[in-house]
Amino acid sequence: MDATTTITQPIEEQPRLLPGDFAIWFFIFAELLAFGIAFLVYAVVRIQNVDMFNEFQLTLNREIGAANTLVLITSSYFVVRAIHAIRLNDVKNCVRWLYAALACGAGFLLLKSIEYQHLFSQGINLETNIFYMFYISLTMFHFLHVILAMIILFAVAIKAQRGGYSADNHIGIETGASYWHMVDLVWIILFPLVYVIR
Amino acid sequence: MKYETQGIAKLYFIAAIGLFVGQILFGVILGMQYVIGDFLFPEIPFNVARMVHSNLLIVWLLFGFMGAAHFLVPEESERELFSPLLAKATFWIFLAAGAATILGYLLVPYATLADMTMNHLWPTMGREFLEQPTITKIGIVVVVLAFIFNIGMTILSGRKTVISLVLITGLIGLAVFFLFAFYNPHNLVLDKMFWWYVVHLWVEGVWMLIMASLLAYVLIKVTGVDREIIEKWLYIIIALVLFSGILGTGHHFFWIGTPDYWQWIGSIFSAMEPIPFFVMVLFAFNVVNKRRREHPNKAATLWALGTAVMGFLGAGVWGFMHTLAPINFYTHGTQITAAHGHMAFYGAYVMVVLTIISYSMPIMRGQAAANAKAQVMEMWSFWLMTVSMVFITLFLTAAGILQVYLQRFSDTPLGYMVVQDKIEIFYWMRLIAGLIFLIGLIVYLVSFFVKGEEVKVVQSEAAEANA
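Heads up: the sequence lines are chains F and W, in that order. Here my numbering is used: the first residue of the first sequence is 1, the next is one more, and so on. Here my numbering is used: the first residue of the second sequence is 199, the next is one more, and so on.
Here chain W is said to cover these stretches of chain F; the calculated rule only asks that three of the stretch's residues, wherever they fall, bring their Cβ under 8 angstroms from a Cβ of chain W:
# : region
1 : 22-32
2 : 35-41
3 : 124-135
These are calculated hints, taken from the structure and not from any lab test. Cβ coordinates follow ideal geometry from the N, Cα and C atoms, glycine included.
Bound conformation, chain W alone (with noise of 0.2 angstroms):
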């Protein structure tokens, strides 16, 4: 580790993937209402359990971006972070935020919670993924902007390079686009129009900085490739994000109220969404097939590849299918969007931060990369988790088509439950697969602890690895 202050990151790491574990167990839960309704009612309702999941998703990857940033910045920038202090101190307060709204979610019914918070002096409860009380949304306002205050003085003060400026300008978008979940609008259509702003212009916007961003940084560091070339391609790929993502925002307003023209423009411009995500793939194959060097850490190369093609099968693939207005029609908030929904966030957001923490944590831990076995173990982990994910993507995709056939295409539409009963085959195995992908966290969870013999790095590559 070059810097101390780096070392920081490690914190945010480890709140990250004690996050990622209780997500994947609301997960399981979840899984289990599917096929047996009334599993753990009345202490967790599915809508409850729902509400965690998702949350505790967007948490732990918020707790990723920032501890990636707290650990990439000052390397990039070669100086110390601005103030240790404040990013410990942001990293307990979000902590402490995160941990009482989580609980508050399961302790005490959802109206109570807005009742207790307050809702009702500025109402932003209620809507999916912002379902937070507003003294929460505040809160993470709060330790957003001191985090971002704390990175860019770093930054300011320090080297430029593209990745910094790439990976701020996202952080500032990603606070700046939280500020639509204080608006809520008394119509519903508009409510709903500005929600996607908050959503889509996260995962489809800004967060796409953050994580092209990532990948660029892990890229340069295990194959010692230049880093104009790397730049330039990350260049390419923010362009492209922006030029296809901005207007893209068009495919949420299909049906949803909003007026006919939208229809064209989402989906022409959401088409051409899965090209970013494609020239990802090119970029990270191309950049570890030209690799100056044989860096230890196989691992993280193995998740940084992985991140690009899941994030294009995820996103692209998975988000193209359903995304021109005349197939929407069909399938809009059925099982498709749930199939594309997992393997988009796991293939883009969660894969790159698993990355990042895999590059990273051997060094903070003061050593070039994990030992064999650990490695190993990790990439058992890789195999398991993106394996199962893919299988979650294809059963989900299944229970999506028959489901849209039958309750909405078919010359003889079935009710919402009746077809519910009949894709449940469908649901059981993705239990399993869901199990199994628990299977593989754990397995990730044990490879940290995992003791062999440390890895030696030749004096030309410690060198450079310097550099």
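Excised from the complex, chain F in its bound form (with noise of 0.2 angstroms):
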């Protein structure tokens, strides 16, 4: 980059390191450190075990997997779009796709749900084996996310709808739209670390 370039750029322009509320990083640096490591741990005990690892992954249904993948990336979406039309100043825009994006957190909740009853009611619990072990308390950490995330969301939209953000002041949203899009993160690396990746 020459002199010239730089002195044309404002400061303003700058994009800044991290969107939303500085403070949100903080939890979402610890979470995905909580993540890492469990996953790291996961990855371990599987190079282990890697033929029960194997079996027991078939019992799990990846379809559902495939689908909550899906719903939960549409909501990431959905919530882009929220974050855009606030930038428009667009505040009606912006609750209805919040409202979508938790419509989709939802669902996902309800997916999930079915699966961990399909499961229960064969009698699989923590005790099973360290596969189901794994597979239910990492699935079961990232669904509490799921809820706080839609909790956060939820304040952020009522707040929206209140008229409490604009275009000059967002920052609100896009510290829920930073939590969400963490929470959808962590679902990408776990559907296929648990349930495809043999």
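If you follow the hints, you should be able to join the two separate chains into one complex; please do so.
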């Protein structure tokens, strides 16, 4: 980059390093660290029990898992649209997109519950074997995060509805959105890792 | 002092310091008994001294928290305490019950105490830290509920700040989790498991909320940094505490008969428990570096920074040292645990109570800060106690490592008592460090009585201090 371009680029246009409130990034990094460690541990234990993991992986419902992946990615798209709308000062559409994302979140919980119901009705629990221990604790921990992310997004949606955000001031929506994307991202790793990779 | 009823905190703090002295005296007796087994036997057997040492610690910290709440809440809520009479009554009832219980431990055999207090009607005695007779436990609940009612009413009818809300959440949590002390299942595994609901969820859960709010309050006062900034830090810290600490309870469930999955859950989440402590260090130093005023109370600032650092070392680093299940397989219940326990309790809780005492005592005695001489003396006591605690921890860690190796890891493991003989040298050194801690404590006590030129407060600072 030469000197001229540096001068012509106003400081305001420099994108911020991290969107949303900086405080949320402490949680996001802490969450990613927790999931990261858990995934690593899963991988190591799997290496030691490949056959057993492969055998029990087949009992999982991959179709529901894949559907849930689509649902969450779609929800993230809706959240992006919400941010886009508020940047244009379009509060009405912003709120709509946020509720659409929330509906996806609810859909995820519903599908996951069906999956759990099926497994639990067979008497499978944390103590059945180490594969199910990981499957249940990882997905359950993620499940709780979807609930938390929905609470955050719901609070943001209500505030948006009451006119609390505008094109100039929507850091709250960005904060909620960042957390939402994190939860989505974790699932995008979790799904292939636990359901698919053999 | 802005509100008259804040002065009630003084009663609580004096009692806290008095019990602290008792705790350390019994600590020294125990240190001696480690090397001279029949020291003070049969008058004060080891198990009784240990019970008194740990129970006094908990009781004086509770006095400290209660005192802190009485000092801080009126100022945060911008009103007098809801009921000063109730605050005084809870103090005297708590003190009398605490003293009677400790005397009970010392004067009659524990089994007799259990009979006298009719433990058979509702057996809750006999568990580490929860040795109190059932009647005392009920008394604690009544006192704490009355105290929370008083503090809660003050907060509800006044200004609500993040600090006072975090504090009251921590206090309510303290009361709620203590209720598990009344649940004593016959199954030993379940008994131990629920026992940790009190012990762990106190010190690595709700007490952390209390600690963080006290630290935040003192830092606002001594640095003049914007409340909004400090509140944001507070949010981050408490979220990280709960995130890592609740499931981190699992690290206590290793090798006690609970299902295997606790080894994974406990290891992963407790490995993250140092994070909130580290953030607390960042918080304290960051805020002090960005201070907007030079508060005359340098000692309080030193205690506040010390709390963050020692909490991180004692609870964070020393906790992490033996928190992973494969490591804990060897270290479970050895001197490594004792090392961690000493530095964590001192670093996180003793120091935070001394921080708020250091900040508030001069104010309750009508000064902005203690005089320069007294502050220098107080800082001496800070270094004496803190450095000797570091050494107590290091000696116990060395003893623990040797113990683990000789007794559990080596190809030719030795018996428990044989190993205890071999690591005796570290117990002697720990005893010396303990005596220096006692000297530090005496210096601390003396610092309250040192006379000197009163600290002059610049007008603008005085105005700000009242803000």
